[in-house]
Amino acid sequence: MSTEGPDLVCEVDNVQGIVDALTAVRWKRQQDAVVELSEHGMVLIVEESSCLQAKVYLQRELFIKYEYGGAQGRPRFGVSLGLLVNCLNTFSVPAGGRSSSTIEIRYPGPDMQLLLNLYLFANSIIQIEIRCYIVFYILRSVDSLDACIYAEIRTRIPETISWDYNFEPAGTTPLSFTVKSAALKEAIDDLEWPGSSVQIILQPDPPSVTFKGEGHGDLQIDFMYYVNTDLLIAFSCDRQVSYRYKYKFLQATTSNIPSSVIRDNRGSKLTIGRGGMLKVQHLVSVARPSIPHPHVDSAGYQQPSRIAYIEFFVKPEEDESTIND
Amino acid sequence: MKFKAFLTENGVNLLEKRFLPALDKMGKVCHLYLTRDHTMFLHNLLNGDGIQSVAQFRKEALFDDYRISSQNEDRIAFAIDISLLQRAVRSSVSICTEFGSGPTHNRLQIKLVKKLPPNCTQPMPFLTFETKGYKSAVIQDVPISKPFSRAQVIELQTALDMAQDLPQTLVQVPDLNQLQNFVDRLKHVGDLLNVSISKYGDLLVQISTTLITVGAEFQKLLVIGEQADAPAEDRNLSAQTRSARAILRGDAQSVQVSVKHFAKSLQCHLAKPDCAFYGIAPQGACLTVIFQFFIPGSRQTDKSISLHCRLPVLDPGSS
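From first to last, the protein sequence lines stand for chains A and B. Those letters in the first sequence? Residues 37 to 361, by the numbering used here. Those letters in the second sequence? Residues -5 to 313, by the numbering used here.
Just to be clear, a hint being listed does not mean it is correct.
[What the hints assert, rightly or not] Subject to a maximum C-alpha distance of 30 Å in a straight line, what follows is the list of computed DSS-like cross-link-like pairs (lysine-lysine):
#: 1; chain 1: B; residue 1: Lys108; chain 2: B; residue 2: Lys126
#: 2; chain 1: B; residue 1: Lys22; chain 2: B; residue 2: Lys297
#: 3; chain 1: B; residue 1: Lys19; chain 2: B; residue 2: Lys53
#: 4; chain 1: B; residue 1: Lys266; chain 2: B; residue 2: Lys22
#: 5; chain 1: B; residue 1: Lys11; chain 2: B; residue 2: Lys181
#: 6; chain 1: B; residue 1: Lys181; chain 2: A; residue 2: Lys284
#: 7; chain 1: B; residue 1: Lys(-4); chain 2: B; residue 2: Lys297
#: 8; chain 1: A; residue 1: Lys64; chain 2: B; residue 2: Lys181
#: 9; chain 1: B; residue 1: Lys254; chain 2: A; residue 2: Lys64
#: 10; chain 1: B; residue 1: Lys181; chain 2: A; residue 2: Lys91
#: 11; chain 1: A; residue 1: Lys91; chain 2: A; residue 2: Lys305
#: 12; chain 1: B; residue 1: Lys140; chain 2: B; residue 2: Lys11
FYI, nobody ran anything at the bench for these hints, they're computed from the structure. Computed from a predicted model, the values in this text were never measured in an experiment.
Using the sequences plus the hints, can you model the full thing?
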């Protein structure tokens, strides 16, 4: 039993938003994630075959309470992403449609666990234990009922991240573009048909982005900057670049994009860094649940936008048929 | 062996809108067991492993002019496909409302018949629905199994008698929908559900795997049967600890059931019961859920309708 306080105690009032954000990086059933805690918030990292890495940033602003105990170094633990998402999902059950729920997250618990507590009103408990030795306790009260939901998820000692995803700019002018998330997803979904690899070409004149799939057939999707500024919202490129990415990795970046992102008509930013490393950024709203809380929000009060940032890093394919510099 | 009766308007409503949708979730095929006074829909009473459900109606709850006779103390049983039965009742209702000035005038007769279907040499048994519309009559034949032999009926009756044991302690679940919502999500976490019920009125449902424990606890529920006051010293302990202590004290029982079975039992809310009670049968033989129906507009139990399920226990647990 540790004598000091927990490294982290925080509360979330939008479980669904967190579930959405975490689901966005869930591209297969079994995925091991590493969670890193700091005074700025929580970062969840998943990766695959040293070619694809995704990070979900849950900054402290997303929490209605965030007390970081100032541990030396950043505490990290490994957890099964699928289990964490499924478990959090059980906490997003509407409580008879009356109220939203609030999860309390604690780390570590008495046995070095990470604890998640989810409160609705008074005295209900959801508890998640993550052994080895981290536990989530989620406490949740269900209306005036004496009811609680609890969960404990076991964690692992995290493996070291096998590949350093230091993303460096490719030059003085960033090579980037911002496209409507829905359009990006649609384009990448369409590219499934040609097959295994997709070439992304950025060129300054005319300013455009091209996705080109070659395999069972050819498919080329062009986003012209001046033709449709609604679709391609921003564009920055001073020279033509072209890199190939494995389709399955590219697909992972949009396959589970939350429906709220599409609904909110958000954009995704894609940046090509040194060596062709592709960074894909999405924004997921973790806003307070839409049910108004008369006792919390006075009229005219605008809640600051609460956004979870999601980043994917995709390594280009080795075989260089690429035109670069 | 003869069976003939008229479904009442109330009976049609009960079956079409409430019980058949709920029973359909229990399993595709059930046994329809008719006696002089009762009609019963029985699931899995004869084959051991599934969730057992017993829906029982006094004949007046469903029928008018109920006539039954058989050489086996006027008892008839056969297997029937619930979805086919549901379809027949549903279309009969639509015929009634389409043609008549009111369903009461268009009586819906149901009877047991033997017919020679096309391309068959052997006559086959059917449950026939005869709906009299304004100027027409529509007949629907729902195929059924060969009616049970005397020995089979006795076997079914014995199984039914065995399925009537009451748990010593029953707790009332406050919100079936909410519990169902929770359990539906739990299904993604694991397969085995631990259910503990205490005399203090606590209901704990929990999934435990090597990686995760997720559970929900409901406290201070209405208790029927044996009850006790929760010890004050337990008040600030965690749900799991309190449950474990109550089991040690002999004030609670715990069993392990399939999450799928538990979710199915919650589907019974489609029958629109007024209350639901969970309890663990003596020696942890099964987890029982009993649904209570009130006489419309009152808080009095409607004794003409009963529904209960028995969930097989996968592990005797700590009983």
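Each hint, compared with the structure:
no.	hint	in the structure
1	Lys108/B / Lys126/B	holds (21 Å)
2	Lys22/B / Lys297/B	holds (27 Å)
3	Lys19/B / Lys53/B	holds (24 Å)
4	Lys266/B / Lys22/B	holds (20 Å)
5	Lys11/B / Lys181/B	holds (27 Å)
6	Lys181/B / Lys284/A	holds (29 Å)
7	Lys(-4)/B / Lys297/B	holds (27 Å)
8	Lys64/A / Lys181/B	holds (18 Å)
9	Lys254/B / Lys64/A	holds (24 Å)
10	Lys181/B / Lys91/A	holds (27 Å)
11	Lys91/A / Lys305/A	holds (15 Å)
12	Lys140/B / Lys11/B	holds (28 Å)
Taken one by one, the earlier hints all hold for this structure without exception.
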